[in-house]
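Number of protein chains: 2
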Amino acid sequence: MSVTVPRGFRAAGVAAGLKSSGAADVALVINDGPDAGVAGVFTANRVKAAPVLWSQQVVYGGVVRAVVLNSGGANACTGPAGFQDTHATAEHTAAAITAANARLIVGAGEVAVCSTGLIGERLPMDKLLPGVREAVRGLSRDGGPAAAEAIMTTDTRPKTTVAPGTGWSVGGMAKGAGMLAPAMATMLCVLTTDAVAGPDALDAALRAATRITFDRVDSDGCMSTNDTVLLLASGASGIEPTAEELTAAVTAACHDLARQLLADAEGATKEVAIEVVGAASEDDAVEVGRTVARNNLVKTALFGNDPNWGRILAAVGTTAAVFEPDGVDVAVNGVWVCRGGAAAEDRAKVDLTGRGVTVRIDLHAGADAATIWTNDLSHAYVHENSAYST
Amino acid sequence: MSVTVPRGFRAAGVAAGLKSSGAADVALVINDGPDAGVAGVFTANRVKAAPVLWSQQVVYGGVVRAVVLNSGGANACTGPAGFQDTHATAEHTAAAITAANARLIVGAGEVAVCSTGLIGERLPMDKLLPGVREAVRGLSRDGGPAAAEAIMTTDTRPKTTVAPGTGWSVGGMAKGAGMLAPAMATMLCVLTTDAVAGPDALDAALRAATRITFDRVDSDGCMSTNDTVLLLASGASGIEPTAEELTAAVTAACHDLARQLLADAEGATKEVAIEVVGAASEDDAVEVGRTVARNNLVKTALFGNDPNWGRILAAVGTTAAVFEPDGVDVAVNGVWVCRGGAAAEDRAKVDLTGRGVTVRIDLHAGADAATIWTNDLSHAYVHENSAYST
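Chains A and B supply the protein sequences, listed in that same order. Here the first sequence is numbered in the numbering used here, starting from 1 and rising by one per residue. Here the second sequence is numbered in the numbering used here, starting from 1001 and rising by one per residue.
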């Protein structure tokens, strides 16, 4: 699993001392080629962390030979000095890789940087830079799992994936457990492929994939300053898939990682799919799904195993989507507790004891549909996010 | 205090058995005149309860002689049958008042109806209608406090107010503790005045008042199906205030009730003012304030006494307001923990042990300002909204 399954990639994860726990906190992924194509999507938050501002420029250049990632600090809201820290990290990484690899000459402008952790504090560069050198020394074809561990923050387990093509594959790793409403998520994700694909093909596949996977996860409605998803292509398989094949594999990888993010969301006891059908447009379906997913009264009801369809309708009613209030049906785990905007089947029939919940909302306004994935709102969420500065 | 302070009004509150606790659950306010002017604002939720649909029409008619209110059931999402229940309640109330008062002949179209409680269930009319008759028998010039008690749901205390004019006054009562993001709030509010004022003057005063009071309370981001604020004028003082005088008194009454709603919000441990200044427009200030107020990571941090300005900036960054990310200052309880989008004064200086919190956000983008009032997100909120169907 992880980013080293496709050929042409090496990775490492090391402990540089950024985390007081002593856990691994610096990850490095490098692309040995022959190609070095890249695509990226980044947080839509206007308050962007220094590494996001840096990596956007790097991706715009079209060539990425390495991604250096750290947990233990987001380097967000750190001003010009924070940006210089990111720049120095890229330069240091490029120099260390070039020194260690006779066949690979890397410039700082080919190194993407990702950071995650507490907002508003400078990174301890005296720890980070030695960690980068150690990661370069530790690079290996088996390093994917170690890299995935090193980017964890409040995640309880690493998230990795692989989606096979024919003679090529897509590998991936991600982190993210809170501030998780990607548009993009405090999620970081690196995807790799040994397919032959140019920047435009990579960009098209990545945007198509994230639009219906990460962008439809809304765990807690809170958008991060650091969300980054990168897709690197080495071309090492020598095989050039069609656009459809590439998009399908990237989408499968993103979907699997999105599912893992949802399953590990801070304090959550439920994984909830809000399926909106019968919408006049896909945008309407997404708006209704996201609004219901963000409603704290719906989320607390689900935590309490309460199929409170009245709260769901009250949330739907705050949207601008096309629907008639007396024309909406709602099913919770398959039981149509609301038909035509009023009570229908007995809510006592709804079994909410399991971890998976499906809320299906039929707007009866058209043929479009979308699903938003979310979590409940639990005591553990409040505890985890009030007791610690993360 | 309450709605019977102004001359020309009587009220009552009785227990009709809608609440299993046996607490009072039917309130009645009548306007003995000589005038019967009214203005109203209602929930912006497109899923509107039957009593909202009814009362909007009644207010549109311009004359309201009575308001009948019940707790113990919202009569929302109850279909055509629920609307018939509201209609029957108005007819029954009108007939009972007319029978009991030789000098007051009331039609159903002059009776506003307000309901609050669980969404999606029919009201027990066999209990409600006898309760209405009992309320008519119990009407008195001292009935304001009893009426305020009868509209409570999860409220822990009744909310009443009085704002004096010169020779006239505004009285009021309100309920609301959850699903509290008025635009309008599950809040109900009846205001009374003995000023002489026509429907247009009442409407202008009420809209001006609610726009900067109830509409800027955002306890939990959840908009109700039943929010209703009514302003009734009896003219019994014989004094016609200026528009400014009337607006000032109505605003003072709304502000006091809004403050009481916030203080009694479900499970809250903090009353938080998000003051946005330096905005390019008032709309920008409201958008930023509301977005920060609705951010669960900000709300849990405040519950944990954590002046986490990074989460505040991350929330600001999701808005479309005019600002530069490196130009935003944030103070928490007077300590400027963030200047120019980066860390400034030591966050350890912030004292968050009290119940009142002020977050001041300076966008440095203009001269406009607005304040949104909200609450923290606590274990008790999760408990109260997951353990019970309310």
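Be aware that one or more of the hints could be misleading.
Stated by the list, open to error - Heads up, simulated SDA-like pairs for lysine to any residue below, C-alpha to C-alpha not over 25 angstroms straight-line:
#	chain 1	residue 1	chain 2	residue 2
1	A	K127	A	D256
2	B	K1127	B	P1080
3	B	K1270	A	H383
4	B	K1019	A	A343
5	B	K1349	A	G79
By construction, these hints were calculated from the structure, which means they are not laboratory data. Please read these numbers as outputs of a predicted model, since none were measured by experiment.
Going down the list of hints, with the structure as the test:
no., hint, result
1, A:K127 with A:D256, "33 angstroms, violated"
2, B:K1127 with B:P1080, "20 angstroms, holds"
3, B:K1270 with A:H383, "16 angstroms, holds"
4, B:K1019 with A:A343, "20 angstroms, holds"
5, B:K1349 with A:G79, "22 angstroms, holds"
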